[in-house]
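Colleague: Top to bottom, those sequences are chains S and G.
Position 137 of the first sequence, counting from 1, maps to 137 under this note's numbering, and the rest follow consecutively.
Position 794 of the second sequence, counting from 1, maps to 794 under this note's numbering, and the rest follow consecutively.
Hints listed in this document are in silico derivations from the structure and should not be mistaken for laboratory results.
What you are looking at is a predicted structure, and each value in this text was computed from that prediction instead of being measured.
Heads up, some of the hints might be wrong.
As the list claims (entries may be wrong) - Pulled from the structure, derived: some chain S residues nowhere near chain G, Cβ distances all over 10 angstroms:
(1) Asp21
(2) Ala39
(3) Pro56
(4) Tyr58
(5) Ala83
(6) Thr96
(7) Ile101
(8) Lys118
(9) Val120
(10) Phe122
(11) Phe125
(12) Tyr135
Said to hold, decoys possible - Lysine to any residue pairs mimicking SDA-like chemistry, simulated, CA-CA at most 25 angstroms apart:
(13) S:Lys68 <-> G:Leu886
(14) S:Lys68 <-> G:Gln873
(15) S:Lys68 <-> G:Pro889
(16) S:Lys71 <-> G:Leu929
(17) S:Lys68 <-> G:Leu115
(18) G:Lys946 <-> S:Pro70
(19) S:Lys68 <-> G:Leu933
(20) S:Lys68 <-> G:Gly927
(21) G:Lys197 <-> G:Phe343
Cβ atoms here follow ideal geometry from the backbone N, Cα and C, with glycine treated the same way.
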Amino acid sequence: MNDKIILLVEDNPDDAVLTLDAVEQSELRGRVVVVDDGAAALEYLYRTGAYADRDPRYDAAVMLLDLKLPKVDGLEVLRRTRADPRTRTLPVIVLTSSREIRDLVASYELGANSYIRKPVDFDQFIEVVRHVGNYWLRLNEVPPSAFVP
Amino acid sequence: MKSGESTIDTLRAECAMLREHLGEAEETLRAIRNGEVDAVIVNGRKGEQIYTLTNAAEPYRVLVEEMNEGAATLTADGVILYCNHHFASLVQGPPEHVVGINLRWFVVPEEQELLTGLLRTAEKGRATGELTLRATAGGVLPVKIALSRLSTDSPAAMCALVTDLTERKNKETALLNLMEDLGESKTRLEAANRDLKHQIEETQRAEEALHVSLNRLRGMVDANIVGVLIATADGTVKEANDYYLRMIGYTREEFEEGKVNWRALTPPEWLSADENALRVLKETGRCAPYEKEYQRRDGTRISAYLADTMLPGPDQEIAAFAVDLTERKKAEAAVRQERQRFFDVLETLPTMICLLTPDYHVAFANRGFRDRFGEAKGRLCYEHCFGKSAPCEFCESFRVLQTGKPHRWEVHTPTGEIIDAFDVPFTDADGSRLVLEMDVDITEQRRAEQTIRELNATLEQRVLARTEELRQSEERFRAIAANTPDHVIVMDRDLRYTMVVNPQLGLTEAGMLGKTDYDILAKEDAERLTAIKREVLTTGRTVPLDMTLMAQTGECDYFEGAYVPKLDPVGRIDGLIGYIRNVTARKRAELALRESQERVELALQVARAFAFEWKIASDEVIRSPHCAEILGLVGDAVHDTGRDFFQRVHPEDREQFVETVTRLTPAAPKYAAEYRLVRPDGDVVVLQESGIATFGPDGKLSRLIGMTADVTARVTAEQSVARLNEALKRRMTELQTIFDTAPAGIAIAEDPLGNQIRGNPAIEKMLGLGAGAELSLSSPAKPAYRIIENGREVPPLELPMQRAARGEVVAGYLMNILRADSSTVLLHSCAAPLRDETGKVYGAVGVFLDITEIKRAELELRKMTDELKATNQELESFSYSISHDLRAPLRSIDGFSRILLRDCAELLDEKSRDNLQRVRQSSQRLGELIDDLLELSRTTRANLHKVDVDLSALARAALDDLQRGDPARQVNVVIEPELRVSADAVLLRSALDNLLGNAWKFTRGRTDARIEVGAVWRERERAFFVRDNGVGFDMTYAGKLFGAFQRLHSTREFPGTGIGLATVQRIVHRHGGRIWADAAVNAGATFYFTLGSPPSKP
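Make a model of the complete structure from these sequences and hints.
Modeller: Right, dumping it as structure tokens:
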């Protein structure tokens, strides 16, 4: 099992499908786990609730995070991730439709590694996903402790 | 020797015999001493022994014999072998008695042991001590004794030097006493007799001893009573004792043998004395003691008394014995000085003084004497003074030598002079007896006395004659004085009245005669007057009198006059005469006049006025002193003429001035005028003048007299009051106009309670009242309106006007007015107290604004604002929704269309694929539209953060971005550097992005594409521009340019949403600026914009 886990937090099923397609199209060596709200994302990351029995080997290597989410919104997820030592170094890419500067500023302030606005043009989106995957899954080096739950 | 039991007679016989022996012994000793004996034959136990005496030690003997100290030689156990006279006198016996006696005998029993000790010590060298010698009559004599051991080869070998430490007893008396004591004398005589032979033996031995060695004498020498020097004839010093060394101030080391030649100790002028003494010594073997001086080591000199002697031996040594004479010399010098001083005094005395020797020689003559008789010293007095050959027969000078008492006598000299001579016996320092004579020439004095006697006789006769003249003169004087109204007095030298005419101050002639001023006048006046009179007497001058005098009765008057000296017949001042006039009445009048003048002047000064007199004929003007200040005249300018004064009258007033004066007539001589005068300093003063004219016999104006006052201040004050009044009137009119026409209500309360308030038309209208209505709600005629607050009527005391009338300043008080017609108005009011000049409140003023409409508008505005806020919030969330939610479906549309095109490409025909492609394009365009709309919305909502921004840099960055997005494009970019503005950096970047994006877009087809960014000045405003040389546009449509979604080109030609320029315009507007464009089709476009805030020109 060499594929790294990409945790996609996306409530819009269309976007989820399109993202999966884009990952597939970009020929990344990674598997995408999709959760559709912030609470599920946190459960997955910390193996609680529905994901209590999750195999630790499936820890996320990178998280693609939408901001507008049911239950726990994206900024809150980001805040908790950064507050928890287990996930403090987890690369978090904010992937959102919002072009509001306040969202952008807030994301970076909370410790997002990147902020990407989903383009309307799907070809461009595939390009974006490929770039993100290439960078965060292949080029980026993370400290080993990041994978110690 | 007989025993003590012998009879007196026997004893006497023995005594006589002993005396005879004693006499023989004495004679022998004397002979020995004097060197008359060459040998002594002693008949003793050893048979006849002959002792010869040589002359060798004779000089020493002489010296020792003559010494003022007791000297003796002793055997070791104290027997006296030899002594000099002085020693003998100390032990109170002749030397011949002393020699052979043990020294112990002379020492009191208590000190025998002491003596023994001294003798023992001396055997080893030297001893000194004090002993008490027995004296006659049980008395004692304390002495100092110095014992020195003599040479060892002498049998009896020490010498003693004894110094008397007490008053010297009378030797003779002591001897007499001794002789009288017969019992004792007998014993002593026996002892003397017994010892005599022994003594002779010892004496001879002593003489031998003396002969044997000089060392013995050295011992004595070293006893330091005299200075001793031993030297060779060539002057080499062999030895010197301590005394000598002390005397000449050298140390022994310096004086070691041979180092100092004693001639060097002698100053050159004394060398001959030494040599002379040495010569005599060599020739005769004797030396007469002589005086000389020594040069001490420190250069000072001392006098010494010196005796030289040759020492025996081959060396021809010479011994010199020296005694320090310094003290004696000093004493002699002092005597000489004293004598000189005495003669100095005599020299300077102003009389003739001379000293005459008994043989008539002049020993001394002082200056006075020499002046009269010439240098006379050493001459015979009679010969020198009077040219006589024998002593003067009349001379009494030398009597004093016989009588020893002073003598005074008068000399009538042969030359006719008379001299008062005073002689005293005088003994000079050398003891010679002289006559000291002091002479005073009294010839002239005698002559003058004679003349005076003769003159006196003549004078008496003249006095008699003049006295008669005087008597007559005085009678004449009295006759004149008696008839004068003035006060005449005559006083004698004692300042007593001897004559009084017309006595004053209530005094009488009888009461004054023989009296002094102190008897009749008050003390202070008497003193002052006496001082004046004394001056007359002492100086002989006439002294004026000008003062008040008060009699002792208290009566007081003012007097003028003079005192003149009164002379006696020979012209001497023997009193004075006073001519006095009582001027009291005149003085009082003068004083009164002066006082009244001063009063007038003071009054004029206070009134800033002066009096004047103008004499027409001479044109002279006289003014009172104060005029200078008023007319601004300095110094002599005060004394001017009428013409001068007329020149100073203000030109505009001159005509009237002349007219006033010319109109004067004898019938109407008075005038009053007011005119201006230009002072020399340029100031203009207003003068008010009133005067009266006098006319001459010919009816012509002769003078003007009057008073002129400076009324400038009054006139100026009047003028300013008039001006103030005028200004006040205008101000009142202005205020009234304001009051009547102001749209604001104005109310004035003119009583401190605010019970009476009147208002302007505006307030009357606001309150719904008629013109002139009373406004105060607390007045009896209560006006028809009410003030309501929270549904109740407000009490008048709480209303602004009444509060202000109590001193409070009220601002912003709102009043709801319920008018009589039930309509309401809202008034905004301010009120303030009115105060008089003392600060006391006398009323109040209030200003009222009808804010009913304003309030209504305000409420509406607030409502609208609230609505707007709500709308804004809605818009905010709307924008957010668009941002998120509107785009999501578009992505799905595009995404799935794309997937469809990819996955089902084979299933779709060309047209379907094209349709799907169109779906995708539309969704993407809609995405762009949404983005641009959001941007436009954001420019509206965003807060403006103005900072200092470099527009040039922003434009550069935007163009760089464009170039990166389209690397193939070649565009010539020109950006004016350093365009600094105050703007929101984010919004300004957005505007530039749009403008430059357009320029980039519309120059796309150009090969020489050029984009320019810069700034120009338009109407004191800086306008920035973005210019391109693109396709441009038709200015006909310029109006549509900045509307949203307005496009001048087709999307196919140039893609775009048509929102960009709308966004730019909104950004510019938000900065307070404006934007406009200038373009033509295919000729490029220029967009200008300003950024509002007043720019600073670089």
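Colleague: If we take the beta carbon of Phe122 (chain S), is the closest beta carbon in chain G still more than 10 angstroms away?
Modeller: Check fails; 4 angstroms does not lie beyond 10 angstroms.
Colleague: Grab the minimum beta-carbon distance between Asp21 (chain S) and chain G and tell me whether it stays above 10 angstroms.
Modeller: 6 angstroms, violated
Colleague: Taking the minimum C-beta separation from Lys118 (chain S) to chain G, is that value above 10 angstroms?
Modeller: Check fails; 6 angstroms does not lie beyond 10 angstroms.
Colleague: Tell me if the straight-line CA distance from Lys197 (chain G) to Phe343 (chain G) falls inside 25 angstroms.
Modeller: Judged against 25 angstroms, a Cα distance of about 64 angstroms means the pair is violated.
Colleague: Please verify that the nearest CB of chain G lies beyond 10 angstroms from Val120 (chain S)'s CB.
Modeller: Nearest chain G Cβ is 3 angstroms from Val120 (chain S), so the label is violated.
Colleague: According to the definition I'm using, a residue is off the interface if its beta carbon is farther than 10 angstroms from all beta carbons of the partner; does Tyr135 (chain S) meet that for chain G?
Modeller: Tyr135 (chain S) is indeed farther than 10 angstroms from all Cβ atoms of chain G, at 20 angstroms.
Colleague: CA of Lys68 (chain S) to CA of Leu886 (chain G), is that 25 angstroms or under?
Modeller: 13 angstroms, holds
Colleague: Please settle this one: Thr96 (chain S) was flagged as non-interface, so is its CB more than 10 angstroms from every CB on chain G?
Modeller: 8 angstroms, violated
Colleague: Quick one, are Lys71 (chain S) and Leu929 (chain G) close enough, alpha carbons at most 25 angstroms?
Modeller: 31 angstroms, violated
Colleague: Just to be careful, I want the Cα atoms of Lys68 (chain S) and Leu933 (chain G) compared with a cutoff of 25 angstroms; is the pair within it?
Modeller: 21 angstroms, holds
Colleague: CA of Lys68 (chain S) to CA of Gln873 (chain G), is that 25 angstroms or under?
Modeller: 19 angstroms, holds
Colleague: Is it correct that the beta-carbon of Ala83 (chain S) has no partner in chain G closer than or equal to 10 angstroms?
Modeller: The assertion about Ala83 (chain S) holds, with a minimum of 26 angstroms to chain G.
Checked against the numbered hints given earlier, the structure breaks hints 1, 6, 7, 8, 9, 10, 11, 16, 17, 18, 21 and satisfies all the rest.
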